[in-house]
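The whole structure should be built from the sequences, with the hints applied where relevant.
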Amino acid sequence: MQHFISPTDVTDIHALIKQGLYVKANPFEDAHLGKNKTIGLIFFNSSLRTRLSTQKAAQNLGMNVMIMNVGQDSWGLEMEEMIEGHPVIMNGDKAEHVKEAAAVIGRYCDVIGIRAFAELKDRDKDYRELVMSQFRKYAGVPIVNLESATRHPLQSLADCITIAEAKAAYAMLARPKVVLTWLPHFKALPQAVANSFCEWMNPLANAGEIEFVVTHPPGYELAPEYLGNARVEYDQEKAFEGADFIYGKNWSSYTHYGQVLTQNPAWMVTMDKMQLTNNGKFMHCLPVRRNVKVSDDVLDSPQSLVIEQAANREWSAQAVLKEILLTL
Amino acid sequence: MQHFISPTDVTDIHALIKQGLYVKANPFEDAHLGKNKTIGLIFFNSSLRTRLSTQKAAQNLGMNVMIMNVGQDSWGLEMEEMIEGHPVIMNGDKAEHVKEAAAVIGRYCDVIGIRAFAELKDRDKDYRELVMSQFRKYAGVPIVNLESATRHPLQSLADCITIAEAKAAYAMLARPKVVLTWLPHFKALPQAVANSFCEWMNPLANAGEIEFVVTHPPGYELAPEYLGNARVEYDQEKAFEGADFIYGKNWSSYTHYGQVLTQNPAWMVTMDKMQLTNNGKFMHCLPVRRNVKVSDDVLDSPQSLVIEQAANREWSAQAVLKEILLTL
Amino acid sequence: MQHFISPTDVTDIHALIKQGLYVKANPFEDAHLGKNKTIGLIFFNSSLRTRLSTQKAAQNLGMNVMIMNVGQDSWGLEMEEMIEGHPVIMNGDKAEHVKEAAAVIGRYCDVIGIRAFAELKDRDKDYRELVMSQFRKYAGVPIVNLESATRHPLQSLADCITIAEAKAAYAMLARPKVVLTWLPHFKALPQAVANSFCEWMNPLANAGEIEFVVTHPPGYELAPEYLGNARVEYDQEKAFEGADFIYGKNWSSYTHYGQVLTQNPAWMVTMDKMQLTNNGKFMHCLPVRRNVKVSDDVLDSPQSLVIEQAANREWSAQAVLKEILLTL
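Chains as they are written, first to last, in my numbering: chain Z, 82 to 409; chain W, 82 to 409; chain B, 82 to 409.
Honestly, the hints are just simulated from the structure, not real lab data. Hints may be right or wrong, so weigh each one.
Treat identical chains as interchangeable: a pair holds within one or across any two.
To be verified - Below, in silico cross-link-like pairs of lysine-lysine (DSSO-like), each with a Cα-Cα straight-line distance of 27 Å or less: (1) K248 <-> K99; (2) K105 <-> K218; (3) K116 <-> K268; (4) K248 <-> K206; (5) K202 <-> K319; (6) K202 <-> K218; (7) K105 <-> K206; (8) K319 <-> K118; (9) K268 <-> K248; (10) K105 <-> K248; (11) K99 <-> K202; (12) K202 <-> K116; (13) K319 <-> K248; (14) K202 <-> K175; (15) K218 <-> K206; (16) K118 <-> K218; (17) K116 <-> K248.
This is the structure:
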């Protein structure tokens, strides 16, 4: 694997899921692969799971890890090259251009992981995925997406690993029903996790391995290029019927970009709603606000997979880094 | 050792002090113990000595170290489960519950160190030691206290090591007199270090190995459960008479919780006062404000043990982590 | 080498440049040297290249690295001992004195790297280089300057390595012309990089290995003790004539200390000006503000050495740390 920015960087999703399960069973087997190799983790935004799981995965592979919080350990970076047809004149608050920063970090690091959230102000800007594409263009080394404006593929791969594990553990039917449900929240959150989940579920659905349904209130339609041919069901209860996996997530509106159109508490996942499912498992990428998005009893029940799902972040990162190290 | 949160986690204080002196003499002997083991250091508050000494100790033992500053690298954590009899509804500024955060970090780390100071607003809340107990309950791995609301046991163990070393080095009497003295300061500081020092000195005093006296102005009485049967002497000069160790520390009032009742400069430790002692040694956990809490001449004299005491933080952390690794 | 704070700590500049080129060709050859050795990197100011390159160099040498951001991970440090003839009374916002902090960090670390910029308020204070001298005095271990108030020697050594490489790669004349030119900028920046560059170029110029010229607008004269016997040319175009290396940098006034006397855009380096040179190479320590200090076409041309120069920071740090480790 050259980069891990979007699913198009992955040649075989099934092989990568299998790699994740393999490194989970054999975490320290490849410690020689990363000898004298360094990963730089560049955070434009806060992180708990991604920070720790990626660092851990790299260390399992014998890599050195260097972490930098942009705007805190260092200064802001200018990402644009042209503005309204003219070269950017850097007389604002950004002290360095990504052209230099990416190229330089690429000289110190063998792999670079980058987290840069959507700003939720300008849809076109966010969906251009400027930070990822600029680092890809200028760093000269493999780039790993630690959550970008529109995607969170390390999360989605961990989700795939979690679903694969659960299918085996609970002897589920060959074609489980997976439901992505919007959850209420008072803050405007990016669409990245939801977009990404669709991007990773759609190929599995298209191959007949799962049934995939997305449910949300009107106005929360995801960008068509991410939603793909997923079925949308506006009635949450109907969507839940017979589901094997409920994947909860809040996101702000794509059509009314970045807006919170409703905080309707009726969309919170409760045990009552889980009763509608086929003894379904509950998934969420965390952090999750208890009793706002999901009730305590769901999260604390044996039906919740959220901790195992987070634990699998280590193995999705390790699978990706291993594949990258194998091509260096 | 399962956890290292309070002295009740320690079965044999003397053996642990001895372990500290042993690893100080043989720092790299146990580098195999931590192979493929990771400690996560979670800071809710700033740190210099604790941050560096614990990291160093873990590296001496061959462990990987991952550091996270909560509220800076990541977001705030909700610690409470119930408020006034109702489940917490997470619609405030805390994005994640400790139930998830602790469980997830526990999946990435073999040991977790946590620093979370007292807020000094609500005495009951601070003395419930919620952060430590929640991580202990939900992380599923050993927890090391890097200073909590009411305790700083890694400091106290380093203090014990320092006293043991000094007894040997200076051929002191078998039962030296140890005095904990309150020092003036304009800021409200937690009682953690003073509480903890009492908790670790009392067993030694009860075993007849030291004489232990606490001195402070009226209103600065420590919580009874920490003070134990230590003797309180309100006259600082009287307390200093014949002392072998003067342990200085400021703390805010426990009875008038979190308040600064006096900044009386007469309580500062000066060379004049040290003359009252039995050529006593001066100790302080650092940081110390020079010429506010202690005069330059005391800190710069050969009677000061503060640097050696801080250096011993490495060995107290290493002794604790070694004991924990031995039980993993 | 005992310390690496200023050029006076270096016995043989040529040998050190050679060491830099050697470790660049053999980065992992000395991994045994740093076994069980720890470097502490203490940042009073932000950093990207210095943070990453020094960390990387230390890891190449097998060292452990501990990083601390002062005022963020920990609290502010008091550097002064006396104020107006009286001992400092620490009743302000600095919680710890460098006397303790340096001594304690020196007990945890085998080498300490420190970054502490000029404040640009009080020239005498900045030029006393208090932070470096206090750490040198109290830490008890080798100190490496990661950019101080008046110097940036790791940068200058990387610059020397870059020039030596370019001389070989481009078959330059034996005595290339090196020009340090002031660049316009709206912010007040320290003189450290310019000072340091002079300090490292002057010995080479005096030995007849290069011709060295400094050009800047009136009022931007560097401190005499750093400028040395370098030739100053106030006409930038004249200075550029026949130059083999153009080294760009902004700095604020030394004579009108810390002030921005002009932002004259005519001093920006453009391709037109580069035509005046002998097919000269462009150098800059980065970060650089595009189209404020230098135009895009210069930075993006093959004449720009800025990325290679930044990459050489790893090897200047590794050369220095190797020399220090050899004396431990």
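Hints, verified against the model:
Taking CA atoms no more than 27 Å apart as the test, K248 paired with K99 passes inside one copy only; the shortest distance there is 14 Å, against 52 Å between copies. In this assembly of identical chains, the alpha carbons of K105 and K218 lie at most 27 Å apart only when taken from different copies (25 Å versus 32 Å within one copy). In this assembly of identical chains, the alpha carbons of K116 and K268 never lie at most 27 Å apart, being 43 Å within a copy and 42 Å across copies at closest. For a Cα distance limit of 27 Å, the shortest separation of K248 from K206 qualifies neither inside one copy, at 39 Å, nor across copies, at 43 Å.
Proximity of K202 and K319 under a CA criterion of 27 Å is satisfied in neither setting, with 33 Å inside one chain copy and 48 Å between copies. With identical chains, the CA atoms of K202 and K218 are at most 27 Å apart within one copy only, with a shortest distance of 24 Å there and 41 Å across copies. When the C-alpha separation of K105 and K206 is checked against a cutoff of 27 Å, the pair qualifies neither within a copy, at 37 Å, nor between copies, at 40 Å. In this assembly of identical chains, the alpha carbons of K319 and K118 never lie at most 27 Å apart, being 50 Å within a copy and 46 Å across copies at closest.
Taking the shortest Cα distances, K268 and K248 never come within 27 Å of each other, neither inside one copy (34 Å) nor across copies (57 Å). In the homo-oligomer, the alpha carbons of K105 and K248 lie at most 27 Å apart inside one protomer (17 Å), although the nearest pairing across protomers, at 51 Å, exceeds that limit. For the identical chains of this complex, K99 and K202 are neighbours neither inside a copy (38 Å) nor across copies (51 Å), given an alpha-carbon limit of 27 Å. Proximity of K202 to K116 under the C-alpha cut-off of 27 Å is found in neither arrangement, the shortest distances being 42 Å within a copy and 46 Å between copies.
Proximity of K319 and K248 under a CA criterion of 27 Å is satisfied intra-copy only: 23 Å inside one chain copy versus 73 Å between copies. In the homo-oligomer, the alpha carbons of K202 and K175 lie at most 27 Å apart both inside one protomer (18 Å) and across protomers (23 Å), since each shortest distance falls under that limit. Taking the shortest alpha-carbon separations for K218 and K206, only the intra-copy value of 17 Å comes in at or below 27 Å, while the best inter-copy value is 44 Å. Taking the shortest Cα distances, K118 and K218 sit within 27 Å of each other inside one copy (21 Å), while across copies they are farther apart (36 Å).
Taking the closest pair of Cα atoms, K116 and K248 never come within 27 Å of each other, the shortest separation being 35 Å inside a single copy and 33 Å across copies.
Violated hints, in rising order: 3, 4, 5, 7, 8, 9, 11, 12 and 17; the structure is consistent with all others.
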